[in-house]
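Be aware that the sequence shown starts at 1, since it is given in UniProt numbering, and climbs by one per residue.
Within a straight-line C-alpha distance of at most 27 Å, the following computed DSSO-like cross-link-like pairs (lysine-lysine) qualify:
#: 1; residue 1: 12; residue 2: 168
#: 2; residue 1: 168; residue 2: 71
#: 3; residue 1: 169; residue 2: 89
#: 4; residue 1: 89; residue 2: 12
#: 5; residue 1: 89; residue 2: 137
#: 6; residue 1: 71; residue 2: 137
#: 7; residue 1: 71; residue 2: 169
#: 8; residue 1: 168; residue 2: 137
#: 9; residue 1: 169; residue 2: 137
#: 10; residue 1: 168; residue 2: 72
#: 11; residue 1: 72; residue 2: 169
#: 12; residue 1: 84; residue 2: 137
#: 13; residue 1: 169; residue 2: 12
#: 14; residue 1: 12; residue 2: 84
Quick list of simulated restraints, FRET-style, between CB atoms:
#: 15; residue 1: 160; residue 2: 118; range: 17 to 25 Å
#: 16; residue 1: 11; residue 2: 40; range: 36 to 44 Å
#: 17; residue 1: 69; residue 2: 105; range: 35 to 43 Å
#: 18; residue 1: 132; residue 2: 12; range: 39 to 47 Å
#: 19; residue 1: 137; residue 2: 55; range: 23 to 31 Å
#: 20; residue 1: 12; residue 2: 69; range: 41 to 49 Å
#: 21; residue 1: 42; residue 2: 129; range: 14 to 22 Å
#: 22; residue 1: 143; residue 2: 69; range: 21 to 29 Å
#: 23; residue 1: 132; residue 2: 54; range: 32 to 40 Å
The set of hints was computed from the structure by calculation and includes no laboratory data. Where a beta carbon is used, it is the ideal one built from N, C-alpha and C, also for glycine.
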Amino acid sequence: MMSSAESPETPKMNPSIEPLSWMLGTWLSEPPGDGIYPTLQPFHYLEEVHITHVGQPMLNFSFNAFHPDTKKPMHRECGFIRLKPDSNKVAFVSAQNTGIVEVEEGEVNGQELCIASHSIARISFAAEPRVEQIMRKFRLNAEGRLEQTVSMATTTQPMTQHLHITYKKVTP
Numbered sequence: 001m002m003s004s005a006e007s008p009e010t011p012k013m014n015p016s017i018e019p020l021s022w023m024l025g026t027w028l029s030e031p032p033g034d035g036i037y038p039t040l041q042p043f044h045y046l047e048e049v050h051i052t053h054v055g056q057p058m059l060n061f062s063f064n065a066f067h068p069d070t071k072k073p074m075h076r077e078c079g080f081i082r083l084k085p086d087s088n089k090v091a092f093v094s095a096q097n098t099g100i101v102e103v104e105e106g107e108v109n110g111q112e113l114c115i116a117s118h119s120i121a122r123i124s125f126a127a128e129p130r131v132e133q134i135m136r137k138f139r140l141n142a143e144g145r146l147e148q149t150v151s152m153a154t155t156t157q158p159m160t161q162h163l164h165i166t167y168k169k170v171t172p
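Produce the entire structure from the sequences given, and follow the hints as far as they go.
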């Protein structure tokens with residue numbers, strides 16, 4: 001067991017997640033992200049993203065959104081990104097503070113990850129309308145910034161873009 005005075009060394013990255021290494025680091029939104037949806041007023045948000053590994057064959061992530069003016073916490077999401085060995089197939093598993101738990105699956109191709117909902121579960125008293133489908137796209141753009149676009153379908157709306165945000169890397 002490690003004492004509080006000791007600090008663990010950074011573990012060696014598991015080779016199976018090398019195709020996702022471009023996502024690693026701490027990222028801050030710059031500029032603020034844009035949120036739109038037919039049932040919502042357009043909004044902006046700030047977000048801090050941590051994508052790490054601990055030597056296991058997966059990435060760990062947390063997304064923490066804040067109101068741009070008040071800095072009050074908004075959406076929270078954490079989970080894991082796994083690659084199917086010897087393939088470009090990816091699973092994205094997340095739990096959200098809205099009461100939604102989702103498994104999304106897709107593919108990584110170069111510095112782009114496209115995933116779509118495989119299963120979505122929610123707490124019994126989550127707000128309506130229910131999210132029925134999610135699609136996400138992450139990509140590292142030519143300027144070395146991480147972009148994320150999220151689209152969703154609910155019980156009242158077809159698949160529609162909901163979020164778009166660009167992040168600047170602040171730590172490796």
